[in-house]
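Engineer: Each chain, letter by letter, is given below.
Number of protein chains: 2
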Amino acid sequence: MTLHGKHLIAGWTNGEATEGFRAWDPVQSAGLDPVFFEATPADIDAAAEAAEAAFDAYAATEPAHRADFLERISSEIEGLGETLVKRASRETGLPEGRIRGERGRTVYQLRLFAAVVREGSWVDARIDRAAPDRTPLPKPDLRRMYVPLGPVAVFGASNFPLAYSVAGGDTASALAAGCPVICKAHPAHPGTSELVAHAILRAAEAEKMPDGVFSLVHGQGYEVGLALVRHPLVQAVGFTGSLQGGRALFDAAAARPVPIPVYAEMGSVNPVFILPSALENGAEALAEKLAGSILLGVGQFCTNPGLVFGVGGEAMETFLQALGEHIRRAEPASMLHRGIRDRFCAGADRLAAAQGVERVAASEREADAARTEGGGALFRTDVQAFLANDMLSEEVFGPSSLVVVARDTAELERVAHSLKGQLTAAIHGNGEDIARYDGLVRVLRRKAGRFIFNGFPTGVEVCPSMHHGGPYPATTDVRTGAVGDTAMQRFVRPAAWQDFPSSALPPELRDRNERGILRLVDGKYSTGDVG
Amino acid sequence: MTLHGKHLIAGWTNGEATEGFRAWDPVQSAGLDPVFFEATPADIDAAAEAAEAAFDAYAATEPAHRADFLERISSEIEGLGETLVKRASRETGLPEGRIRGERGRTVYQLRLFAAVVREGSWVDARIDRAAPDRTPLPKPDLRRMYVPLGPVAVFGASNFPLAYSVAGGDTASALAAGCPVICKAHPAHPGTSELVAHAILRAAEAEKMPDGVFSLVHGQGYEVGLALVRHPLVQAVGFTGSLQGGRALFDAAAARPVPIPVYAEMGSVNPVFILPSALENGAEALAEKLAGSILLGVGQFCTNPGLVFGVGGEAMETFLQALGEHIRRAEPASMLHRGIRDRFCAGADRLAAAQGVERVAASEREADAARTEGGGALFRTDVQAFLANDMLSEEVFGPSSLVVVARDTAELERVAHSLKGQLTAAIHGNGEDIARYDGLVRVLRRKAGRFIFNGFPTGVEVCPSMHHGGPYPATTDVRTGAVGDTAMQRFVRPAAWQDFPSSALPPELRDRNERGILRLVDGKYSTGDVG
Numbered sequence: 121m122t123l124h125g126k127h128l129i130a131g132w133t134n135g136e137a138t139e140g141f142r143a144w145d146p147v148q149s150a151g152l153d154p155v156f157f158e159a160t161p162a163d164i165d166a167a168a169e170a171a172e173a174a175f176d177a178y179a180a181t182e183p184a185h186r187a188d189f190l191e192r193i194s195s196e197i198e199g200l201g202e203t204l205v206k207r208a209s210r211e212t213g214l215p216e217g218r219i220r221g222e223r224g225r226t227v228y229q230l231r232l233f234a235a236v237v238r239e240g241s242w243v244d245a246r247i248d249r250a251a252p253d254r255t256p257l258p259k260p261d262l263r264r265m266y267v268p269l270g271p272v273a274v275f276g277a278s279n280f281p282l283a284y285s286v287a288g289g290d291t292a293s294a295l296a297a298g299c300p301v302i303c304k305a306h307p308a309h310p311g312t313s314e315l316v317a318h319a320i321l322r323a324a325e326a327e328k329m330p331d332g333v334f335s336l337v338h339g340q341g342y343e344v345g346l347a348l349v350r351h352p353l354v355q356a357v358g359f360t361g362s363l364q365g366g367r368a369l370f371d372a373a374a375a376r377p378v379p380i381p382v383y384a385e386m387g388s389v390n391p392v393f394i395l396p397s398a399l400e401n402g403a404e405a406l407a408e409k410l411a412g413s414i415l416l417g418v419g420q421f422c423t424n425p426g427l428v429f430g431v432g433g434e435a436m437e438t439f440l441q442a443l444g445e446h447i448r449r450a451e452p453a454s455m456l457h458r459g460i461r462d463r464f465c466a467g468a469d470r471l472a473a474a475q476g477v478e479r480v481a482a483s484e485r486e487a488d489a490a491r492t493e494g495g496g497a498l499f500r501t502d503v504q505a506f507l508a509n510d511m512l513s514e515e516v517f518g519p520s521s522l523v524v525v526a527r528d529t530a531e532l533e534r535v536a537h538s539l540k541g542q543l544t545a546a547i548h549g550n551g552e553d554i555a556r557y558d559g560l561v562r563v564l565r566r567k568a569g570r571f572i573f574n575g576f577p578t579g580v581e582v583c584p585s586m587h588h589g590g591p592y593p594a595t596t597d598v599r600t601g602a603v604g605d606t607a608m609q610r611f612v613r614p615a616a617w618q619d620f621p622s623s624a625l626p627p628e629l630r631d632r633n634e635r636g637i638l639r640l641v642d643g644k645y646s647t648g649d650v651g
Numbered sequence: 121m122t123l124h125g126k127h128l129i130a131g132w133t134n135g136e137a138t139e140g141f142r143a144w145d146p147v148q149s150a151g152l153d154p155v156f157f158e159a160t161p162a163d164i165d166a167a168a169e170a171a172e173a174a175f176d177a178y179a180a181t182e183p184a185h186r187a188d189f190l191e192r193i194s195s196e197i198e199g200l201g202e203t204l205v206k207r208a209s210r211e212t213g214l215p216e217g218r219i220r221g222e223r224g225r226t227v228y229q230l231r232l233f234a235a236v237v238r239e240g241s242w243v244d245a246r247i248d249r250a251a252p253d254r255t256p257l258p259k260p261d262l263r264r265m266y267v268p269l270g271p272v273a274v275f276g277a278s279n280f281p282l283a284y285s286v287a288g289g290d291t292a293s294a295l296a297a298g299c300p301v302i303c304k305a306h307p308a309h310p311g312t313s314e315l316v317a318h319a320i321l322r323a324a325e326a327e328k329m330p331d332g333v334f335s336l337v338h339g340q341g342y343e344v345g346l347a348l349v350r351h352p353l354v355q356a357v358g359f360t361g362s363l364q365g366g367r368a369l370f371d372a373a374a375a376r377p378v379p380i381p382v383y384a385e386m387g388s389v390n391p392v393f394i395l396p397s398a399l400e401n402g403a404e405a406l407a408e409k410l411a412g413s414i415l416l417g418v419g420q421f422c423t424n425p426g427l428v429f430g431v432g433g434e435a436m437e438t439f440l441q442a443l444g445e446h447i448r449r450a451e452p453a454s455m456l457h458r459g460i461r462d463r464f465c466a467g468a469d470r471l472a473a474a475q476g477v478e479r480v481a482a483s484e485r486e487a488d489a490a491r492t493e494g495g496g497a498l499f500r501t502d503v504q505a506f507l508a509n510d511m512l513s514e515e516v517f518g519p520s521s522l523v524v525v526a527r528d529t530a531e532l533e534r535v536a537h538s539l540k541g542q543l544t545a546a547i548h549g550n551g552e553d554i555a556r557y558d559g560l561v562r563v564l565r566r567k568a569g570r571f572i573f574n575g576f577p578t579g580v581e582v583c584p585s586m587h588h589g590g591p592y593p594a595t596t597d598v599r600t601g602a603v604g605d606t607a608m609q610r611f612v613r614p615a616a617w618q619d620f621p622s623s624a625l626p627p628e629l630r631d632r633n634e635r636g637i638l639r640l641v642d643g644k645y646s647t648g649d650v651g
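Order-wise, the sequence lines are chains F and L. Position in the first sequence (first residue = 1) + 120 = the numbering used here. Position in the second sequence (first residue = 1) + 120 = the numbering used here.
Incorrect hints may appear among the rest.
Claimed, not checked - Calculated pairs, DSS-like style, for lysine-lysine (alpha carbon to alpha carbon, straight line, at most 25 Å):
(1) F:K259 / L:K409
(2) L:K259 / F:K409
(3) F:K259 / F:K644
(4) L:K644 / F:K644
(5) L:K328 / L:K644
Unchecked claim - Just some of the chain L residues that point at chain F, by a computed CB distance under 10 Å:
(6) G270
(7) G365
(8) V561
(9) R566
(10) A568
(11) G601
Since the hints were made in silico from the structure, they are not lab data. Because the structure is a prediction, the values reported are computed rather than measured. Beta carbons are placed, not taken as given, at the ideal position from N, Cα and C, and that holds for glycine.
Bound-form chain F, shown alone (with noise of 0.2 Å):
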């Protein structure tokens, strides 16, 4: 399969322009054809308009028909083979292995959204049937489901080239809930992106889905991707990225003469607290294991522990030698792409140049510049230092952490009071610290999206429980989570439907519940049908 650079808008291709970018091969420190064309904004223009042009008939698909094709694009990208799992590995730098599991996450989520698609109670169809005779006034007849917002711009993240890119969790669950999909490539995974959006849009033409139900644009700077955010038939953003780029499109969403939602989930360090009681039962066995947190996959997850808290003392400083020593002993790796390498080194030189702060370790081996390498790094301060200066608290996204020591517990919990809102938080102890230190506790309750017990935050799992959101800076809507079935209100609106003849109505309001969905009618759950 030859890769061809331009953008897919609606099914063709597009893109003459001579001004474009190469994709980059981080461990090979080299380009990798072909030139993927800048976007314009005549060719945003045009993928926009294919999208709302799409998004009537698109939106009333039959639910089985839209599972059909999220299935599809599922069994489409698994035809990419190996192709796919080489491209993507060569403009990551993630080993073949990583990239297969990925996969294997991707198609899961897509079917997981297909599941809840063809069931189709995720409406929350609400029938409430009218009363003419009722005193003093008559009673309507009210109907109310969710419908899909309209078309939603996408924004690839470069640390998941597949899960959380041009087929990933975003563009699922819009596709899920009826909304056309404008994907902008993350730019450091071009070719990964052109592969994926051939997938959908061979799943597009085999469903014989509207045109523009899905579009690929490429850019290698913000004004693509503010452009798109910008342009008027847009309704809705998904963006897994940095603090920096996902508040610009925030801001700029929100500036709208319309505004529009923002998904954007950016980062966080995931603050993990270890009592006493845990640093004296095992610090060892607890310093692998965070150890492992800490460096898989070099570090490039939303989810790293980026900081540790805990009492200082013998135990931790136990605890902090067999930290050190897996740090010392990590591999170096090749990271994403330069820049993330670039901002991650500059961000570890800070840390170690910061006034009390200490480099415990770091990587033996010295991380080569030309195959893009990070290595591990660790570093302590005191909770007076870490209180006195904003940029500890801030995310080094990579294979490093900032463990702070407190002198006890009033400390820790001091401490957590000062953090920022997190994707994560974790807190290790036994069951009777939980009770013991519930102001810590509640504190912590407050700054996470999820909360983790004798646990650590990477590894997301997929499934109806999961939460993964938290309050700003994680994201920008702490309403809303990006994985699981949930995600899919993110992209839909309620409507009601008052006094319309049943056959007037979505198949979901009808009398007869032909899909058999459960329904609130006249205030009590139902699959039966009305009358």
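Let chain F serve as the given structure and place chain L on it in line with the hints.
Structural biologist: Just chain L now, with coordinates in the frame of chain F:
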């Protein structure tokens, strides 16, 4: 009961400043005692800090206890009896009968939310049990539910001095969700606000709710409201009012270092499309009913039908004549306050002076400015003039409507495309029309939150199927509605717990389902225990 005009912050009264304002009786054109104090930044701080201090304890109240509190607020409001009715009527010019009706709706809403909280399933509890033996990685135990956001700022609406004011839908849904409320009283009915705030505080005291669960502050200008929205401890905002006011609050919230959601329900012109079949079958009966909707409550509803569209011809002329007759016979009546009357008169004058617009009818008896009266007004124009002048599609808050006469139904569809977001859209015709004018139907469905067949937009039923919301500029958040049980979802966020012992979880997520709520356990709905 003597009003004191002071703020009510965490149960204590405050406000010794000499700067203040009085309520105004629009019927008598007279100021009313006492002087109400303009909140200072220190007052806002105190209210926000009290709300934050109350949050943990209030969020942790048992559902039955919180429901008792909401029900107690209802009975305390009823206990205010005629004192409340008379003060509200004097401050708003609304007839006492209307105030009594609105009081009925207010206490009904509070009891509805109490019932939802008492039943408890609204938290959407989800449990996925651990699978420690799963390969390649063990599956953790994950549990998820909605938790309250934190302190909520509520802005009372001038046109619903009870149902969308101090103890109205926003306050009731926020308190039901577990969020403390800081209410900014509308300066047009500060005495009504103080009375209702006392009722809430008496209920809080009787139910031993934490201080700070509710505060009331007064203010005439935008400053107090903006300070509240910008306060770092405030986590969400509910507002009903003008587009200008709502957008200012939205912009302030979006510009915060930590942005927060703003649920502003703003203007709407609630277009009514009358298809030829409806005009031909009873133009006069239709005119009578539409006139009733236009004139209801001196047109002071956000669901007032401000735009009517139909095809020209003999039936249209009959309709216009009959509608004009009803408007001419309409008695002018006192509007809520001078600002609203001034804006209504200016809006009607602008319409009358606009190119291509003709005044068809106005109340025969002249409106009495000394009694703050507004009279009915009816205008007509054609599609060309309508599309040429954006001003014609703006809301004129009051008993006025503009009939846009199209040449044919194709023009109706074209003009429908030009409309902004609306709370409601109505269509009048017969059963076959819905299929015949599918294009028009689809456009209107995109534009509005509630879509009405052969009915009128005024009259918002409080029931699970109601959706009172819509695309911008009807609201700042198309994803939510302000009426019915789902309004609570505006003030919560999902939170997940991973691997916590059952005893350390919120009761809703423990193995034993002691509250008997509906939960999604391992992908299946159940009201039983886990394990």
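Engineer: Taking only the CA atoms, is the gap from K259 (chain L) to K409 (chain F) under or equal to 25 Å?
Structural biologist: holds (16 Å)
Engineer: Hint validation: V561 (chain L) versus chain F, beta carbon distance must be below 10 Å. Holds or violated?
Structural biologist: Interface hint status for V561 (chain L): holds (8 Å vs cutoff 10 Å).
Engineer: Hey, K644 (chain L) versus K644 (chain F), does the alpha-carbon distance stay inside 25 Å?
Structural biologist: Since the Cα atoms of K644 (chain L) and K644 (chain F) sit roughly 18 Å apart, the hinted pair holds (cutoff 25 Å).
Engineer: With 10 Å as the cut and Cβ atoms as the points, is G601 (chain L) at the interface with chain F?
Structural biologist: Nearest chain F Cβ about 6 Å off; hint holds.
Engineer: Hint check: is the beta carbon of R566 (chain L) less than 10 Å from a beta carbon of chain F?
Structural biologist: holds (8 Å)
Engineer: Min Cβ distance, G365 (chain L) to chain F: is it shorter than 10 Å?
Structural biologist: violated (15 Å)
Engineer: Do the alpha carbons of K259 (chain F) and K644 (chain F) lie within 25 Å of each other, as the hint requires?
Structural biologist: Holds - the C-alpha atoms of K644 (chain F) and K259 (chain F) are around 18 Å apart, at most 25 Å.
Engineer: Quick one, is the A568 (chain L) hint okay against chain F at 10 Å, beta carbons?
Structural biologist: Holds - the Cβ of A568 (chain L) comes within 10 Å of chain F, reaching about 8 Å at its closest.
Engineer: Given the hinted pair K328 (chain L) and K644 (chain L), is their alpha-carbon gap at most 25 Å?
Structural biologist: Violated. K328 (chain L) to K644 (chain L) sits at ~38 Å, over the 25 Å cutoff.
Engineer: Does the structure keep K259 (chain F) and K409 (chain L) at a Cα separation of 25 Å or less?
Structural biologist: holds (16 Å)
Engineer: Hint G270 (chain L) vs chain F: min CB-CB distance below 10 Å?
Structural biologist: Status holds, d = 8 Å.
Hint compliance for this structure: hints 5 and 7 are not met, and every other hint is.
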